[in-house]
Amino acid sequence: MSRRNRRVEWFTLAAVCLAVALVPLFYGFRGQVPSTVLKICIYAVMALGLHVVVGLTGLLDLGYVTFMATGAVLTVVSMVAVADPETGTLIIPVGGRSLRGAEHLFHFPGSYLLVLALAGLVCSALGVLRGLPTLHLTGDYYAIVTLGMAEIMYIWYRTAEWTGGPQSLWLNPPDVPTLFGYKLYYDSAIYYFLVLMVFTATIIGSIHLRDSRVGRALSAIRLDPTAAMACGVPVSRYKLTAFAVSGFIGGIGGSLFALWSNGFSAIGMEVWESILLVCCLVLGGIGSVRGALLGSVVLVALGEILRQKVPHYSSGVGLVWKAWPPEARFLFYGLILVALMRFRPAGVLPDRVAGDPFPPELARAWSERATSLFRLGPSRKEASR
Amino acid sequence: MEEFVAHLLNACTLGAIYALIAVGYTMVYGIIKLINFAHGEIYMTGAMLAWWFVTSLGAPLLLATAMSMAGCALVGALLDRVAYRPLRKSGRLAALITALGMSLSLQTLAQLVFGARPKAFPDESIPPFFTSGWKVFGTTLYGKDVAIWAAAAASMAGLDLLVRRTRTGKAMRACSMDPAMAALMGIEVNRVITLTFMIGSSLAAVAGVLYALKVGGNIEPRMGYYAGLLAFAAAVLGGIGNLRGAMLGGLLIGMTQALFAGFVSSQYDFAFAFAVMILVILVRPFGLLGQPEAQRA
Numbered sequence: 001m002s003r004r005n006r007r008v009e010w011f012t013l014a015a016v017c018l019a020v021a022l023v024p025l026f027y028g029f030r031g032q033v034p035s036t037v038l039k040i041c042i043y044a045v046m047a048l049g050l051h052v053v054v055g056l057t058g059l060l061d062l063g064y065v066t067f068m069a070t071g072a073v074l075t076v077v078s079m080v081a082v083a084d085p086e087t088g089t090l091i092i093p094v095g096g097r098s099l100r101g102a103e104h105l106f107h108f109p110g111s112y113l114l115v116l117a118l119a120g121l122v123c124s125a126l127g128v129l130r131g132l133p134t135l136h137l138t139g140d141y142y143a144i145v146t147l148g149m150a151e152i153m154y155i156w157y158r159t160a161e162w163t164g165g166p167q168s169l170w171l172n173p174p175d176v177p178t179l180f181g182y183k184l185y186y187d188s189a190i191y192y193f194l195v196l197m198v199f200t201a202t203i204i205g206s207i208h209l210r211d212s213r214v215g216r217a218l219s220a221i222r223l224d225p226t227a228a229m230a231c232g233v234p235v236s237r238y239k240l241t242a243f244a245v246s247g248f249i250g251g252i253g254g255s256l257f258a259l260w261s262n263g264f265s266a267i268g269m270e271v272w273e274s275i276l277l278v279c280c281l282v283l284g285g286i287g288s289v290r291g292a293l294l295g296s297v298v299l300v301a302l303g304e305i306l307r308q309k310v311p312h313y314s315s316g317v318g319l320v321w322k323a324w325p326p327e328a329r330f331l332f333y334g335l336i337l338v339a340l341m342r343f344r345p346a347g348v349l350p351d352r353v354a355g356d357p358f359p360p361e362l363a364r365a366w367s368e369r370a371t372s373l374f375r376l377g378p379s380r381k382e383a384s385r
Numbered sequence: 001m002e003e004f005v006a007h008l009l010n011a012c013t014l015g016a017i018y019a020l021i022a023v024g025y026t027m028v029y030g031i032i033k034l035i036n037f038a039h040g041e042i043y044m045t046g047a048m049l050a051w052w053f054v055t056s057l058g059a060p061l062l063l064a065t066a067m068s069m070a071g072c073a074l075v076g077a078l079l080d081r082v083a084y085r086p087l088r089k090s091g092r093l094a095a096l097i098t099a100l101g102m103s104l105s106l107q108t109l110a111q112l113v114f115g116a117r118p119k120a121f122p123d124e125s126i127p128p129f130f131t132s133g134w135k136v137f138g139t140t141l142y143g144k145d146v147a148i149w150a151a152a153a154a155s156m157a158g159l160d161l162l163v164r165r166t167r168t169g170k171a172m173r174a175c176s177m178d179p180a181m182a183a184l185m186g187i188e189v190n191r192v193i194t195l196t197f198m199i200g201s202s203l204a205a206v207a208g209v210l211y212a213l214k215v216g217g218n219i220e221p222r223m224g225y226y227a228g229l230l231a232f233a234a235a236v237l238g239g240i241g242n243l244r245g246a247m248l249g250g251l252l253i254g255m256t257q258a259l260f261a262g263f264v265s266s267q268y269d270f271a272f273a274f275a276v277m278i279l280v281i282l283v284r285p286f287g288l289l290g291q292p293e294a295q296r297a
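Chains as they are written, first to last, in the working numbering: chain A, 1 to 385; chain B, 1 to 297.
Each hint can be trusted.
According to the in silico footprint, chain B covers these stretches of chain A (three or more CB under 8 angstroms from chain B): (1) 141-148; (2) 153-162; (3) 332-345.
Over 12 angstroms on every C-beta distance to chain B, these chain A residues come out as not near it, computed from the model: (4) 6; (5) 7; (6) 16; (7) 187; (8) 208; (9) 214; (10) 216.
Hints were generated in silico from the structure; no laboratory data involved.
It should be emphasised that the depicted structure is a prediction, and the values quoted were computed from it without experimental measurement.
Cβ coordinates follow ideal geometry from the N, Cα and C atoms, glycine included.
Work out the full structure: start from the sequences and follow the hints.
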């Protein structure tokens with residue numbers, strides 16, 4: 001990894017953060033543009049969290065939406081929970097109704113930061129809990145098991161009472177948490193800069209994690225778990241670390257997302273959301289920090305653009321303005337996944353900085369040449385068949 | 001007792017349908033080691049196409065099913081040709097991501113073309129035998145259940161014969177044992193794979209039609225997702241790559257889910273089936289009838 005490449009990377013990422021910080025100068029905090037920018041930032045945070053498991057450790061996690069949903073539901077539930085004025089018991093008002101004269105239980109100075117940390121820690125514990133039984137799984141089976149677990153959590157959130165079930169939990173103005181005395185409305189300046197701060201911190205953290213001892217150990221596990229173990233890397237411990245970090249970031253992202261969407265609806269937390277996050281990583285290039293950012297920008301923006309009304313030609317009337325159905329974006333996501341795997345499996349912006357020191361293709365070619373030179377039994381290609 | 005028999009009849013029907021989907025999964029996995037996520041979407045396409053043939057072309061149900069089988073075989077072959085064949089040489093993760101992408105695209109495409117509203121076969125298209133019933137142990141045994149069992153049993157017996165007794169079947173078994181060696185023996189591996197996709201897809205189409213007949217509708221773009229996932233669970237349960245294992249696994253998963261729905265909670269039946277799937281993968285990843293595979297470094 002050359003010093004120049006690293007400098008270029010830092011410069012790019014600093015420019016991205018600066019650009020996000022400058023958006024309000026031109027567009028203010030209210031309206032389509034800043035809202036989309038915020039959504040992109042939140043998805044980028046979650047994509048970077050997923051990157052720890054998918055990109056660094058090389059395990060395809062298809063259930064990341066669990067962390068997003070858990071972070072979001074914890075935030076919303078703790079913010080709307082009120083004490084019943086008569087009996088003093090805890091009530092979670094479902095469906096956006098508010099109780100007159102009821103007092104919020106978890107509103108005190110600094111409470112949102114506490115909730116944010118709590119969402120992260122709970123999801124981190126959830127990640128470890130989910131990781132413990134699946135430590136020995138790799139490849140397809142890991143992907144399917146995470147998908148199944150996410151489905152179970154989704155079914156639970158969709159039917160449980162405390163999450164509002166199929167109904168939504170809305171954050172009414174009195175429910176919105178405060179930070180330093182300012183309400184964290186989804187279009188407020190303080191919320192914007194909170195997201196920006198988390199976004200920046202996640203980027204810096206991701207790069208440092210990748211270049212750290214832990215990151216190298218995770219890369220070794222991705223390249224070859226057996227070899228990593230033989231070299232003295234405690235594989236299970238590092239995998240659990242990766243799950244915990246990934247879950248933590250996912251919980252934080254989910255919490256911020258709950259504020260962005262001004263509530264929680266279990267129906268909106270389907271497993272396809274985690275496929276979208278996987279898609280973000282694949283688009284930019286699995287294992288690349290810049291790639292994760294690029295993927296979230298392109299895909300989230302695409303989703304928002306497809307929501308706009310576009311002119312359609314209709315016989316008789318001429319041009320009419322019609323919106324694509326909101327599901328149409330998933331058609332594009334799917335086709336993007338297929339096309340990328342076909343034509344550019346390394347993604348659009350593969351990370352040259354973090355390029356594998358010893359990519360598997362190269363390793364195979366070398367070992368084959370070596371075996372044919374020295375006649376050490378069948379070549380690896382033949383042996384693996 | 002009556003309740004138990006009624007649930008058991010339901011469970012057998014659901015199991016037969018899952019088994020029909022699971023054989024498609026397991027055949028493809030056996031040869032190219034790919035979890036064909038889009039298989040559930042093929043099942044959905046099968047039901048959709050049959051519905052479309054019945055309602056817009058006025059085809060009788062049996063003809064519509066046959067046409068939809070042909071259509072799905074075509075879709076399956078195309079899927080392999082366009083999406084999976086170029087990736088034979090790249091990693092399994094790339095193929096899995098492609099399969100996810102195809103699943104997502106097909107599902108959305110169906111939603112854009114046919115709409116999200118659940119559809120049902122019109123009453124007049126359903127043969128009278130399906131709605132007739134007999135009293136058995138105090139509950140009613142409907143003709144549609146019998147028809148579904150018969151159709152599923154016939155398809156699976158045919159498939160089993162095809163794989164075990166014919167030249168084509170021999171080629172398929174050879175490819176699943178060792179594609180490279182099969183190619184050296186003069187078997188056209190790609191043609192066999194295409195054929196596998198076509199057979200699996202047409203069976204999935206049958207399953208789609210049968211399911212729609214069983215529940216009296218519910219043909220919608222999302223129907224393939226859970227069914228596909230559970231059929232995969234069934235394939236794993238029986239030992240993935242093992243044809244008879246998939247049939248057994250399908251029956252077991254379907255019966256587990258239906259009995260859980262009947263006796264414990266119909267809200268969490270899918271969650272329970274997923275939990276069974278996870279447990280199977282964790283405890284016995286090679287399945288009931290499969291052979292444990294030595295881990296290669």
